[in-house]
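Note that the protein sequences, when read in sequence, are chains A and B. Here the first sequence stands for residues 1 to 501, numbered as in the UniProt record's numbering. Here the second sequence stands for residues 1 to 501, numbered as in the UniProt record's numbering.
No lab work stands behind these hints: they were computed from the structure. A portion of the hints provided could be inaccurate.
Identical chains share a label here; the pair holds if one copy fits it or two copies do between them.
[What the hints assert, rightly or not] In silico EDC-like cross-links for lysine to aspartate or glutamate, where the CA-CA straight-line distance does not exceed 20 Å: (1) K141 to D95; (2) K338 to E27; (3) K451 to D181; (4) K411 to D364; (5) K122 to E58; (6) K40 to E163; (7) K264 to D115; (8) K213 to D50; (9) K453 to E149.
Now for the letters of each chain:
Protein chains: 2
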Amino acid sequence: MPSASASRRSQEKPREIMDAAEDYAKERYGVSSMIQSQEKPDRVLVRVSDLTVHRADEVVWVRARVHTSRAKGKQCFLVLRQQQFNVQALVAVGDHASKQMVKFAANINKESIVDIEGVVRKVNQKIGSCTQQDVELHVQKIYVISLAEPRLPLQLDDAVRPEVEGEEEGRATVNQDTRLDNRVIDLRTSTSQAVFRLQSGICQLFRETLINKGFVEIQTPKIISAASEGGANVFTVSYFKNNAYLAQSPQLYKQMCICADFEKVFCIGPVFRAEDSNTHRHLTEFVGLDIEMAFNYHYHEVVEEIADTLVQIFKGLQERFQTEIHTVNKQFPCEPFKFLEPTLRLEYCEALAMLREAGIEMGDEEDLSTPNEKLLGRLVKEKYDTDFYILDKYPLAVRPFYTMPDPRNPKQSNSYDMFMRGEEILSGAQRIHDPQLLTERALHHGIDLEKIKAYIDSFRFGAPPHAGGGIGLERVTMLFLGLHNVRQTSMFPRDPKRLTP
Amino acid sequence: MPSASASRRSQEKPREIMDAAEDYAKERYGVSSMIQSQEKPDRVLVRVSDLTVHRADEVVWVRARVHTSRAKGKQCFLVLRQQQFNVQALVAVGDHASKQMVKFAANINKESIVDIEGVVRKVNQKIGSCTQQDVELHVQKIYVISLAEPRLPLQLDDAVRPEVEGEEEGRATVNQDTRLDNRVIDLRTSTSQAVFRLQSGICQLFRETLINKGFVEIQTPKIISAASEGGANVFTVSYFKNNAYLAQSPQLYKQMCICADFEKVFCIGPVFRAEDSNTHRHLTEFVGLDIEMAFNYHYHEVVEEIADTLVQIFKGLQERFQTEIHTVNKQFPCEPFKFLEPTLRLEYCEALAMLREAGIEMGDEEDLSTPNEKLLGRLVKEKYDTDFYILDKYPLAVRPFYTMPDPRNPKQSNSYDMFMRGEEILSGAQRIHDPQLLTERALHHGIDLEKIKAYIDSFRFGAPPHAGGGIGLERVTMLFLGLHNVRQTSMFPRDPKRLTP
């Protein structure tokens with residue numbers, strides 16, 4: 001382990017080194033003074049990913065983290081890391097480096113950020129442990145830009161080790177709480193870098209697709225005056241001298257935008273659920289990708305748009321984020337995500353029949369339990385070879401009061417869920433756009449009309465038929481990548497037990 | 001005013017009409033039953049904006065709102081509206097329409113949604129009051145899809161009338177509270193449609209530009225465990241058995257992402273301020289466009305990226321949203337927004353000199369008041385002919401504790417604001433990335449170190465120099481369009497006195 005010999009924020013060298021013989025390289029290394037924008041040098045910093053044989057024999061400057069260091073006689077090998085890329089660097093006693101300089105390099109704490117001047121040299125044997133396998137950097141100057149503390153709360157190499165291998169070989173892995181408690185370091189791993197770059201891609205593809213389809217992005221308030229869905233599972237906020245609530249979904253506001261003639265809207269934003277659920281897939285705050293759309297005659301017009309949007313996301317990810325998918329798979333192996341075009345749409349009664357055939361006893365108006373959802377996912381995969389499908393026509397009894405009943409069958413509704421790898425990622429429905437029917441359904445559900453007056457009033461001045469749905473970003477990321485916990489796909493997850501960092 | 005003669009959700013015709021003579025057109029009009037997705041007809045609905053002379057003599061179906069109706073003998077003229085577009089329709093007694101049908105059409109409440117079958121006819125004289133000036137629709141069938149209540153809380157024509165004209169001529173306009181109380185209707189006006197389409201464009205251009213520059217989009221939590229900036233102006237949330245807070249900015253999380261090697265990040269999301277400010281430009285919840293970026297040597301690298309991002313937004317708006325800008329200008333006349341390339345950057349001391357020359361007395365370390373900000377904006381516009389500029393090098397004393405001091409001048413800091421039409425839209429700075437200096441500065445500000453421990457600890461394992469800033473979406477929209485109240489550019493504004501709708 002390197003010691004904390006490099007004192008912070010000074011050009012001084014540790015006493016032990018200073019005491020030694022005259023150091024002919026003493027200007028070539030050290031701890032730089034803090035960068036406070038004192039100057040604007042012309043120096044170009046080359047990206048680690050650009051260090052290839054095309055730059056062989058060039059002198060370059062690189063800024064990177066010290067991923068590992070290993071001293072060996074008169075040499076010190078460093079692995080320099082920059083995001084997902086790394087390269088080997090060699091400090092060797094010679095014209096450019098003194099003994100003292102090699103010792104200094106060997107003692108730099110891991111995760112410190114350094115500026116290095118070096119010559120790019122082609123290597124004869126590929127360096128298997130680095131992404132830049134064909135070159136190494138022969139260091140001529142090395143300065144510490146930001147020094148890390150000597151003891152890291154977790155080791156990055158442990159944090160990317162596949163769980164199975166770790167158990168088999170008894171090598172260390174990092175548990176989830178340690179990761180989350182030290183998220184700044186955990187997010188530096190190649191796996192985390194890939195997960196969150198891909199997640200950024202999901203948002204980008206979602207918006208790209210919808211903007212191309214003529215949707216308008218809206219911003220909806222998160223602080224609301226009344227808990228619209230009856231008041232359960234809602235966080236209370238002190239709002240000056242009164243109480244307010246955190247929105248459990250942007251639904252009312254999306255619907256108001258439809259009533260205000262925006263026709264097709266979407267939004268991306270936080271959604272809050274004060275549910276004391278401690279499962280692999282529940283968070284108290286997550287990111288909702290929400291869609292709402294007026295349709296002409298049938299809510300399937302909307303279902304098709306939503307399903308196509310998800311298909312465009314899946315395709316875009318497989319086209320643009322293959323590197324990230326591959327990186328995550330190295331730690332968490334997983335079958336590629338499969339989907340059909342057009343998307344498979346099953347009716348709830350068909351799903352019931354499949355489950356019953358598999359030995360499950362369920363009533364016609366019973367909702368799917370999580371295990372039954374997963375079983376259904378496996379049955380659908382076997383029969384149709386898809387990881388993505390729509391389940392349509394849920395029993396009216398298990399859906400919220402604003403769900404449009406199916407006019408052909410009073411026990412069914414015009415509502416749907418969408419599933420990835422057997423887990424729900426979207427819930428949606430045709431909404432009731434008629435204030436009279438909405439009132440009847442609210443009364444049927446025992447909802448206090450006074451509390452939803454504003455909601456019902458939104459439909460009194462002409463409202464087009466419309467439908468929509470909300471997608472959980474973290475779930476889509478998790479299930480697309482075949483991960484097993486939504487905390488892996490939320491940068492700073494919130495659950496009943498975790499509010500930090 | 002039309003009466004509420006059309007009964008809702010039934011094919012029945014009002015008794016007075018039924019009692020009249022045999023109605024040869026009785027199948028050609030009425031109130032449709034509620035659309036519950038009973039069927040999937042082949043019928044194509046044509047957009048109002050597509051009703052031009054190219055479709056002359058075609059029979060088309062259109063779904064639109066009844067904007068106005070005017071009966072005149074055996075004829076009824078309707079104006080049909082769809083978003084920003086409208087067209088005149090004529091129901092006249094003849095082969096297709098009976099007396100009863102004309103009366104029915106004349107009595108449809110304004111803002112109701114109707115399906116109309118009609119023939120597109122070229123008109124000899126342009127219809128000045130409609131966007132589709134060269135054609136009108138000769139109605140053959142008319143069905144009410146969604147009936148509006150007879151009394152509207154505000155008239156759309158009043159809501160788009162320029163204030164000045166209204167005062168001069170004594171014609172009605174609509175005050176802000178009435179608008180906001182009835183936002184679903186107010187948002188239907190051409191002005192509102194244009195404002196929020198343009199706002200959607202700002203978000204799109206912001207992201208497009210940053211993704212092209214290699215930024216990654218991140219999602220940051222809004223519920224946080226501690227009020228990071230000392231606890232003032234923060235909303236408290238009941239979080240299960242404890243208290244939590246609503247984030248006043250994503251800054252800590254953006255900075256953690258920089259410490260986690262994402263290098264360049266942005267996010268768009270709600271920001272909460274429990275400030276009892278009742279001004280034209282303060283909201284308790286607004287949308288922040290946030291940027292954070294590691295730099296190599298000088299925070300101006302970041303300032304340039306942010307300024308260029310704003311310039312790309314301004315250019316994109318002027319290129320892609322000319323129609324929307326024009327629509328808003330009709331109600332709120334305003335000079336086109338001017339900016340320079342590269343963006344003008346003034347130092348705080350230069351601004352002070354300009355203000356002093358204009359007769360203002362200000363200390364060197366005094367912050368700008370709102371009137372002085374506006375005056376400065378006018379002086380800068382006169383001298384440099386730009387509505388957008390950067391004010392750099394604020395006095396250290398008026399900036400938050402985490403602001404990097406200027407090493408050349410201990411009273412200055414590496415911080416900046418950006419202004420549009422003399423109002424601040426962005427505040428930013430180089431952040432202190434060294435835990436020791438950060439601790440010193442926090443103590444200097446009298447901040448309880450225990451409360452910001454997690455923040456300071458984020459920098460202990462190697463942190464690159466970085467800078468960033470946060471932009472207020474509603475302010476950018478307001479100032480770009482030359483509007484005068486941020487409530488005009490927030491769909492559902494929140495302030496100390498307003499939490500609904």
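Evaluation of the provided hints:
1. K141 to D95: Within one copy, since 11 Å is at most 20 Å while 93 Å is not.
2. K338 to E27: Neither way: K338 and E27 sit 58 Å apart in one copy and 50 Å across, limit 20 Å.
3. K451 to D181: Between copies, since 16 Å is at most 20 Å while 40 Å is not.
4. K411 to D364: Within one copy only: 9 Å inside a chain, 74 Å across chains, cut-off 20 Å.
5. K122 to E58: within (11 Å within a copy, 73 Å between copies)
6. K40 to E163: neither (46 Å within a copy, 51 Å between copies)
7. K264 to D115: between (50 Å within a copy, 19 Å between copies)
8. K213 to D50: between (38 Å within a copy, 17 Å between copies)
9. K453 to E149: between (58 Å within a copy, 15 Å between copies)
Going down the numbered hints, you'll see the structure goes against 2 and 6, while the others check out.
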